[in-house]
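*Asks:* Chains A and B, in that order, give the protein sequences.
Per our numbering, the very first residue in the first sequence carries number 96; after that it's consecutive.
Per our numbering, the very first residue in the second sequence carries number 96; after that it's consecutive.
Since the hints were made in silico from the structure, they are not lab data.
There may be inaccurate statements among the hints.
Note: identical chains are not told apart, hence a pair may lie in one copy or across any two.
What the hints assert, rightly or not - Pairs of lysine-lysine, BS3-like flavour, derived with a Cα cap of 30 Å:
id : residue 1 : residue 2
1  : 170       : 408
2  : 265       : 320
3  : 221       : 102
4  : 170       : 439
5  : 442       : 292
6  : 220       : 102
7  : 320       : 431
8  : 265       : 158
9  : 294       : 408
10 : 431       : 221
11 : 431       : 372
12 : 233       : 320
13 : 408       : 292
14 : 233       : 406
15 : 442       : 233
16 : 265       : 102
17 : 292       : 421
18 : 158       : 442
19 : 221       : 320
20 : 372       : 170
21 : 406       : 294
22 : 320       : 408
Protein chains: 2
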Amino acid sequence: MSTFLSKRYMSLTPYTPGEQPQDQQYVKLNTNESPFPPSPLSQRLARQAAGDLQLYSDPECRKLIPVAAEALGVKEDQILFSNGSDEILNFAFMAFCDEDTPAVFPDISYGFYTVFADINRVPQKKIPLTEDFRIDPKDYYGAGGTVVIANPNAPTGIALSLEEIESILKANPGNVVIIDEAYVDFGCESAVGLIDKYKNLLVVQTCSKSRSLAGGRLGFAMGDKDLIRDLNTIKYSTNPYNVNSMTMAAGIGAFLDREYFDMCRERIMETRDYARKALEDLGFECLDSRSNFLFARHPGIDGEFLYMRCKEKGVLIRHFTLPRIKDFNRITIGTKEQMDILLKTVKEIMEEER
Amino acid sequence: MSTFLSKRYMSLTPYTPGEQPQDQQYVKLNTNESPFPPSPLSQRLARQAAGDLQLYSDPECRKLIPVAAEALGVKEDQILFSNGSDEILNFAFMAFCDEDTPAVFPDISYGFYTVFADINRVPQKKIPLTEDFRIDPKDYYGAGGTVVIANPNAPTGIALSLEEIESILKANPGNVVIIDEAYVDFGCESAVGLIDKYKNLLVVQTCSKSRSLAGGRLGFAMGDKDLIRDLNTIKYSTNPYNVNSMTMAAGIGAFLDREYFDMCRERIMETRDYARKALEDLGFECLDSRSNFLFARHPGIDGEFLYMRCKEKGVLIRHFTLPRIKDFNRITIGTKEQMDILLKTVKEIMEEER
Chain A
96 MSTFLSKRYM SLTPYTPGEQ PQDQQYVKLN TNESPFPPSP LSQRLARQAA
146 GDLQLYSDPE CRKLIPVAAE ALGVKEDQIL FSNGSDEILN FAFMAFCDED
196 TPAVFPDISY GFYTVFADIN RVPQKKIPLT EDFRIDPKDY YGAGGTVVIA
246 NPNAPTGIAL SLEEIESILK ANPGNVVIID EAYVDFGCES AVGLIDKYKN
296 LLVVQTCSKS RSLAGGRLGF AMGDKDLIRD LNTIKYSTNP YNVNSMTMAA
346 GIGAFLDREY FDMCRERIME TRDYARKALE DLGFECLDSR SNFLFARHPG
396 IDGEFLYMRC KEKGVLIRHF TLPRIKDFNR ITIGTKEQMD ILLKTVKEIM
446 EEER
Chain B
96 MSTFLSKRYM SLTPYTPGEQ PQDQQYVKLN TNESPFPPSP LSQRLARQAA
146 GDLQLYSDPE CRKLIPVAAE ALGVKEDQIL FSNGSDEILN FAFMAFCDED
196 TPAVFPDISY GFYTVFADIN RVPQKKIPLT EDFRIDPKDY YGAGGTVVIA
246 NPNAPTGIAL SLEEIESILK ANPGNVVIID EAYVDFGCES AVGLIDKYKN
296 LLVVQTCSKS RSLAGGRLGF AMGDKDLIRD LNTIKYSTNP YNVNSMTMAA
346 GIGAFLDREY FDMCRERIME TRDYARKALE DLGFECLDSR SNFLFARHPG
396 IDGEFLYMRC KEKGVLIRHF TLPRIKDFNR ITIGTKEQMD ILLKTVKEIM
446 EEER
């Protein structure tokens, strides 16, 4: 820290992204990336755009928005794109929280929510998950602040039903309810269909997981046009050209190529079921994941030990030190071949420890 | 505005980017873009990166930083990249200004500074340019806040000398001095060489102009490692993966291809001198531009009228309504052919008005 840093941020603890070691080739199952490359159409359009970078990208995303709105079933003024969904989540914390409107979210969820609250100097109210790591919708009725719920939740992978989401929306008419659907395409119901009905609903999604564009950085929010206008006010006051031309083109390809999108997510769901069964056969408990990862613990193996030993053997998974979930590891669903390497590695570790 | 927007931002006036009409093909001289495509190496590396977008981009930019640091003559811990230089300027306003540390900048400069101050709820102190549109360094001695100076200044194009910059640094030891060098590569001296000497100096540059990557979005800041660490704290608390993989690759190409970079900026400076002389022959007054644009007025033609008539005739230039500069237009330096079209158009308009 320099002597010049504002006192506003002196005690800020930034977010820690999943590790990306460069020292060897890992089977990388730690940051919930897709094992599949972007759609061939995405790649082609992005490559074409690389030749015209001397011109600014379109801050209004006028070519991307109609294609995305059509694919997602929303109106063009109900959607906004950003440089990854983290940026849009930060915009939403800025726009809809303040000293009088706390951010209300589960104690175990995406670790960035607490950082977004801190950097915006917004009070936060963390609501514990139930004993079995579920979100109880009733805990969010009359929340007295902006509700932020990841659905499915991370790192548990457990989903709320659409009825449960709707009950939270109804019970918070005076506050925005942000549903962060980063992992929604892997077997969970989206709340997008409710945006015409609830003016307080903001749905945030990303192209990083189910559309294989993590490295392109393309997130989006959907909601009533007035909420979208508020987020645009923040965008045009911080970084109007926030989506670059190549990523914009890649996004157009991703939304047009529905077939590839469906193929990727179906393959990932099949592989998830396969890996879950195999882990359960080894004695692991896996939470009921509707995402592209499993959250698993074993009664006989320490969570951090398993993570460390897997890493030594060339397989990266993600361990969190939060006391309530320290027995678990979060394992991204890769290809079947990658999961077989993980399973073989876990078996070896269990045999070594016997 | 929705009923949910925080009172913090209710009176915010966002930045207005230069217009990008889609209704016809314009000779586009309104947003200071380069008339040259990105370096062939930039394009090739960006295209290669498009195939691997399923993996997150490297938040630490470990491949880009050594190449850029070498090209720019700084140490690796003295540089930070961002999604365009607007993002880094916002980070700097966040980190180094607050209620007790106002932002101090010229009354006529990059229009975004006042928006960055507003969105961060930071007081601002605007110092008038001199009668002849120059920055007087003495006006910034003991500024009592974070100094923000574009050098060369926009939209005037006039530059301060390195000695003048240094005098401001010396006279503000307790505050950060941000030198925004978006246009520095077109004939102005960079302050980068001073960062080892002044811990309060932050130099901000962009790849949008001289490196033809406006649509790729790649900005960077250089300064003492403690200042860079502060900016990283902000980055990792808002959007750690802020630079996408394709742009990171394009940036590597741009910094490696020194020859192309020098060729582009030399061509632009030559064309600027050519266009300036031709405009002066038509009776225009042009300020002494060290950038890739001219700021020009004519004693016989209203500034806004000229802008409007040029637009009707298919040539886009930029007019600002601020009273002190409303007689001027800002004209981006394009190719010689584009400038000839501009000159022909201006001549036509002058003849029609006679």
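*Asks:* It remains to establish, for every hint, whether it holds in the given structure.
*Replies:* Tested hints:
| no. | hint | verdict |
| --- | --- | --- |
| 1 | 170 to 408 | neither (49 Å within a copy, 35 Å between copies) |
| 2 | 265 to 320 | within (19 Å within a copy, 50 Å between copies) |
| 3 | 221 to 102 | both (25 Å within a copy, 23 Å between copies) |
| 4 | 170 to 439 | neither (48 Å within a copy, 44 Å between copies) |
| 5 | 442 to 292 | neither (50 Å within a copy, 57 Å between copies) |
| 6 | 220 to 102 | both (23 Å within a copy, 20 Å between copies) |
| 7 | 320 to 431 | neither (42 Å within a copy, 44 Å between copies) |
| 8 | 265 to 158 | neither (35 Å within a copy, 49 Å between copies) |
| 9 | 294 to 408 | neither (50 Å within a copy, 44 Å between copies) |
| 10 | 431 to 221 | neither (37 Å within a copy, 61 Å between copies) |
| 11 | 431 to 372 | within (13 Å within a copy, 68 Å between copies) |
| 12 | 233 to 320 | within (28 Å within a copy, 48 Å between copies) |
| 13 | 408 to 292 | neither (51 Å within a copy, 47 Å between copies) |
| 14 | 233 to 406 | neither (40 Å within a copy, 58 Å between copies) |
| 15 | 442 to 233 | neither (41 Å within a copy, 72 Å between copies) |
| 16 | 265 to 102 | between (39 Å within a copy, 24 Å between copies) |
| 17 | 292 to 421 | neither (40 Å within a copy, 47 Å between copies) |
| 18 | 158 to 442 | neither (50 Å within a copy, 36 Å between copies) |
| 19 | 221 to 320 | within (29 Å within a copy, 35 Å between copies) |
| 20 | 372 to 170 | neither (41 Å within a copy, 51 Å between copies) |
| 21 | 406 to 294 | neither (46 Å within a copy, 40 Å between copies) |
| 22 | 320 to 408 | neither (50 Å within a copy, 36 Å between copies) |
When each numbered hint is compared with the structure, violations occur for hints 1, 4, 5, 7, 8, 9, 10, 13, 14, 15, 17, 18, 20, 21, 22.
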